[in-house]
Amino acid sequence: MKKNYKFSKLFVVFLCLGIVGCASIPKGFLKPTEASLEKKQLQMRQYDTINEEQILTAVAGVLQDLGFNLDNSETKLGFVAASKKADATSKGQIAGAFFLDLIAAAGGSHGNAMANCDQSQVVKASVITKPSLDEKKTVVRVTFQRIVWNMSNQISKVESVNDPEIYQKFYDSLSKAIFLEAQKI
Amino acid sequence: MKRLTRYFGISVILFFVIVLSGCATTAGKAFEMNESQVKLRSIQTRAFDTTDKQKMMQTVISTMQDLEFVIDKADLVLGSVSGSKFLGYAIVTMTVNVRPRGEKQLLVRANAQYGIKSVEDPETYQDFFTALEKAIFLTGQKVD
Chain A
1 MKKNYKFSKL FVVFLCLGIV GCASIPKGFL KPTEASLEKK QLQMRQYDTI NEEQILTAVA
61 GVLQDLGFNL DNSETKLGFV AASKKADATS KGQIAGAFFL DLIAAAGGSH GNAMANCDQS
121 QVVKASVITK PSLDEKKTVV RVTFQRIVWN MSNQISKVES VNDPEIYQKF YDSLSKAIFL
181 EAQKI
Chain B
186 MKRLTRYFGI SVILFFVIVL SGCATTAGKA FEMNESQVKL RSIQTRAFDT TDKQKMMQTV
246 ISTMQDLEFV IDKADLVLGS VSGSKFLGYA IVTMTVNVRP RGEKQLLVRA NAQYGIKSVE
306 DPETYQDFFT ALEKAIFLTG QKVD
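Line order of the protein sequences matches chains A and B. Residues 1 to 185 (this note's numbering) make up the first sequence, in order. Residues 186 to 329 (this note's numbering) make up the second sequence, in order.
Simulated from the structure, these hints should not be mistaken for lab results. Ideal Cβ placement from N, Cα and C applies to all residues, glycine included. Only true hints are included.
Here are a few chain B residues that face chain A, going by a calculated C-beta distance under 8 Å: (1) 257; (2) 261; (3) 272; (4) 302; (5) 304.
Make a model of the complete structure from these sequences and hints.
Below is the structure:
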């Protein structure tokens with residue numbers, strides 16, 4: 001009976017490997033979706049000026065104020081990219097992992113949930129400015145992404161940031177820097 | 186004695202097989218191409234009836250942003266834009282190149298990579314060019 005159990009376990013592992021091996025490139029990931037339109041509204045603002053350069057300098061300033069390092073830029077295309085390393089530890093997650101490890105230790109086994117706790121993150125910001133369609137305003141669009149590493153230095157999460165508050169905070173700082181109010185699109 | 190030398194010979198051969206196979210490098214794998222180069226180029230390229238490179242590049246950037254890419258690099262002189270996007274745990278990277286073709290046209294070429302595989306599916310690229318066409322109000326023509 002025990003042998004049988006072992007065999008089925010092996011079979012499951014084999015099946016998992018087989019399925020992973022078959023993972024192919026999904027189709028249609030370059031198609032615009034409803035969700036991407038919603039994100040557009042989140043990430044985009046308009047300013048009542050045609051001075052793109054002024055906005056771009058302000059953007060660079062705001063990013064630096066937020067602790068970002070500028071990685072790349074092309075002023076003629078209205079593009080600035082920046083990134084920032086930050087702490088990603090959360091007390092709740094660490095406490096939970098500690099508790100799990102404690103239970104494992106009490107049960108006489110070796111647990112290492114702590115190694116899977118988030119440790120550090122890199123946030124990438126990319127800003128594009130361009131004239132609006134009627135060429136009377138300037139459109140600004142910022143996108144944030146983040147990569148999170150755990151305690152054993154493995155990537156535990158990659159995601160684009162979709163928290164409206166973060167975007168709002170960025171545009172509040174930008175509006176202050178150029179003395180203009182941001183208009184939602 | 187004869188047997189012993191035979192075993193010795195076999196083990197020497199085995200030893201060499203193992204050592205020599207260890208010397209094969211995997212660098213060549215990075216340069217492999219599955220589809221024929223010409224076919225792939227026509228899948229990835231469209232020609233547009235415009236000469237405004239800057240506007241084309243701005244539209245490419247906007248389209249990529251609409252497709253949830255984060256722009257990593259852009260260069261007006263080279264005409265290249267690179268961006269990345271996360272799909273679950275996979276990273277999709279794309280580079281789009283814009284360059285003049287003759288006096289009246291611009292060539293737009295897109296290269297996408299999904300994780301460590303390069304994307305060679307025509308439909309995926311068509312999706313991108315359809316989105317780009319809508320944004321620039323022009324139709325892209327296939328080129329050979």
